[in-house]
Amino acid sequence: MIETIHLLPGVTLRVCRDTRFKQGCLSVQFVRKMDKQEAALNALLPNVLLRGTRRFPDLQAITERLDELYGAAVGPSVRRSGDYQTTGLYCGFIDDRFAMAGDRIVEPVIGFLKELLLDPAMETGRFLPSFVESEKRNLISTIESERNDKRSYAISQLLRTMSGEDTFGLPRLGDPEQVEAIAPDGLYRHYQKVLRQSPIEIFYVGSAESREVEGMIMPLLRHLDREPEPLPPQTGFHPGKGGDTVETMDVAQGKLCMGFVTPITNRSPEFPAMQVLNTIFGSGMTSKLFLNIREKMSLCYSISSMYYGSKGVAVVTAGIDFDKEELTRREVLNQLQACREGKISDEELAAGKAALISSLRAVHDSPGSIESYYAAAALSGLNYTHENYMAAVERVTLADVRAAARQLTLHITYFLRGESQ
Amino acid sequence: MKSTHYQSLDETVYTGVLENGLTVTVIPRKGFTKKLAYFATNYGSVHTDFSLEGKEYHAPAGVAHFLEHKMFDMPAGRDVSGEFAALGAMTNAFTSYDMTAYYFSCTDHFDQCLKLLLEFVSTPCFTKESVEKEMGIIDQEIGMNEDAPDSVVFENLMQAMYRSHPIRVPILGTSRSIRQITPQILEACHRAFYTPGNMLLCVIGDVDPEAVADMARQVLGTERRTVGVKLRPWREDMTCPAAEASGAMEVAMPMFNLAFKSEPLEDGEAGARREMVADLAAEALFGESSPLYLRLYEDGIIDSSFGGGFETVDGCAMLLCSGDSDNAPAIRKAVLERAEELVREGLPEERFQRMKRSALGRRIRSLDSFDATCFRACAYHFSGFDYFRFPEVYHSIDAQEIRDFLAQVVRPERCSLSVIYPVAKEAAQ
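Chains A and B, in that order, give the protein sequences.
Taking my numbering, I'd label the letters of the first sequence as residues 106 to 526.
Taking my numbering, I'd label the letters of the second sequence as residues -10 to 418.
Check each hint, because a few of them may be wrong.
[To be verified] Derived DSS-like pairs: lysine-lysine, alpha-carbon spacing no greater than 25 angstroms straight-line:
no., chain 1, residue 1, chain 2, residue 2
1, B, Lys122, A, Lys429
2, A, Lys219, A, Lys298
3, B, Lys104, B, Lys(-9)
4, A, Lys127, B, Lys345
5, A, Lys401, A, Lys429
6, A, Lys141, A, Lys346
7, A, Lys219, A, Lys127
8, A, Lys138, A, Lys346
9, B, Lys117, B, Lys44
10, A, Lys401, A, Lys448
11, B, Lys104, B, Lys19
12, A, Lys401, B, Lys122
13, B, Lys19, A, Lys127
14, B, Lys59, B, Lys122
15, B, Lys44, B, Lys219
16, B, Lys44, B, Lys59
17, B, Lys59, A, Lys401
18, B, Lys(-9), A, Lys127
19, A, Lys141, A, Lys298
20, B, Lys117, A, Lys401
21, B, Lys59, B, Lys117
[As the list claims (entries may be wrong)] Reference excerpt, derived from the structure (chain A facing chain B, CB under 10 angstroms, subset only):
no., residue
22, Phe126
23, Gly197
24, Gly457
25, Ile462
Because the hints were derived from the structure by calculation, they are not lab data.
If you're wondering where the values come from, they're calculated on a predicted model, not measured in any experiment.
Using N, Cα and C, we set each Cβ at its ideal position, and we do this for glycine too.
Start from the sequences and build out the full structure, keeping to the hints where you can.
Structural data, given as structure tokens:
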């Protein structure tokens, strides 16, 4: 279903030809090592590229062009996948059959992406300082606004504390101080390096044939002066020494985050079992955490666990009263202990597997989910094809889940609480 | 079930009204594995006052949302979520100001899932104990909401803009109001508004439309029952009681909501048309391709968090924009000035056509999302419009309507600005 084409050394095009959708999508990702020194540069780059090209010199010209392309959308795409960070653009556009007779969309969209990526508005040897400065302000404000969402703030504080030297603790968009230090010429030099060295992942979903897409993409690559540098393979998690942390803020509700570590990643044979465990333990309205801590004990409204398979880290979060930290924490561990002892009913096991398989089957039902699933799978080194993965989930036994639970251990907790008490 | 083909959307939609009054809409999508079903009622948090069978009810704020939580309880200790999970399906629900919807998504066992959805939403089961227990959970949800600045900034705005309309009160109610909720009042609300005649069943996916209708007949029966009459005692003129509202929270930088009060929408095509006109007006005024957006962005007064559009709720409507800004009053001033200019000078025809094409394209793209499509089909149905007719409405809109809308709505006396500032820290932290 997905055709993988190696266009040039280090440049991969993945095409999912599908005529069911009303829109297509195209993403271009430059893959970098997640690195403290350049995370902010990679995060800023697409925002500056989206400010103007030689032919479309400002935001208004760019948006007008997108309006002409029947409301196509181009946005920055900065993702983290294990030890890697990607920087690039993501584009969504209507399928040709909805355009006026004879109009084609995908070709001009790719042409426009090429201009955005390769022909930025600039002056000698640097990006326009006014664009860079204003996007720096925006990026800093985006980074700082993470604080507005207390749950995601708490999670990133936990990851930062528990990660030590592991890149998993680095904020995806870099730190405000690093953004502040970026200069227009430095960013331009970095951009040149990114174009020259980085592995490039291009993903297309839509009604065009792969050969056609290849033909439209090649002009984008032809002018690149490439010296590709392969990336080191993904690694498991290297926990730091950080201990339990309490932070106070002016909030009404406490946020408890518990960080767990495991040697099982999505490169491991036990990965499907760990996914099933995570579902049974803390994902959704039938999980042990939801049924016991919310429904039985009424301690919270939201509680869930997430498993980051690219690294082998799991995080449980719960929104609770300030004085319920100890009680909630103990109960979370009790529920994990129950999993370790195999106290999982046949129904729980079957439902956990069915939920995972359903969500995997539904991956193919939207262009966005196809792109994000396969792009992440390729980067994080998932060892299964989509089909094999579902079959492997199907084969998971109670003993496998119990074994996975025994390989999941609490590392530290982080608690965000109010200032008054 | 009657089928209608919408050529410009490459879509065929089946719809029908059953003997019991339920409207059923099915959007077949051949070749997709996911199926999504919404069972929605035309009833939300603002509908606390109603009459049923000659009796008037005045329910506590937050009752619609509380009811949504309690619908998941079934007699004999049946566990709805567990039964869906056993079928590999996922179920959930949400309550808005004027709609409550229950839904599931699945890839297999669609018929069983549909039966279960229809059963649990039509089966009230409220006990004193379970109602009391839910208060603790909803208290935590209220607490979470109080810490969410985007909710608070909007709720403050509603209090500044409206005098009596219940949009002044959060959807969840308050910790105090939910204490007054009893099994009896939940039952009355259920009887009044969870009757087939007040509901819509909307399904999207590779399913058989007739089988969906048959299942609804089988589970809900054919009896047509009385629907509660919503009392709308609120009277609102087109001015705002307060021009500004402000608060302080743990935010990184000031966050604002700026809105202009508009006449509530009529039902049917006229209302849908006005909404699309208003959306285009928002685009012309402060959309990403507008000169105003460009100027404010380049001056650093707004950033990429800025956005806006037209919001409608039963009994109220507003043109709203929001985002992070150090200088929200400057945005208000600029928006008012720019609206005046647009009213005076009009919109170049070329730009207007480009905006329409773009708005249409974006709506067509959003049809790939099952959730967005079901949600819109329900919301438009409850306001008496067939959502899939949007392309023809767009085509018939002209630029003068945009001017008329702006002249009517974007005026100083209709405007309120709500800002959440970062909490002031003591000198020594």
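Which numbered hints fail:
Those not satisfied: there are none.
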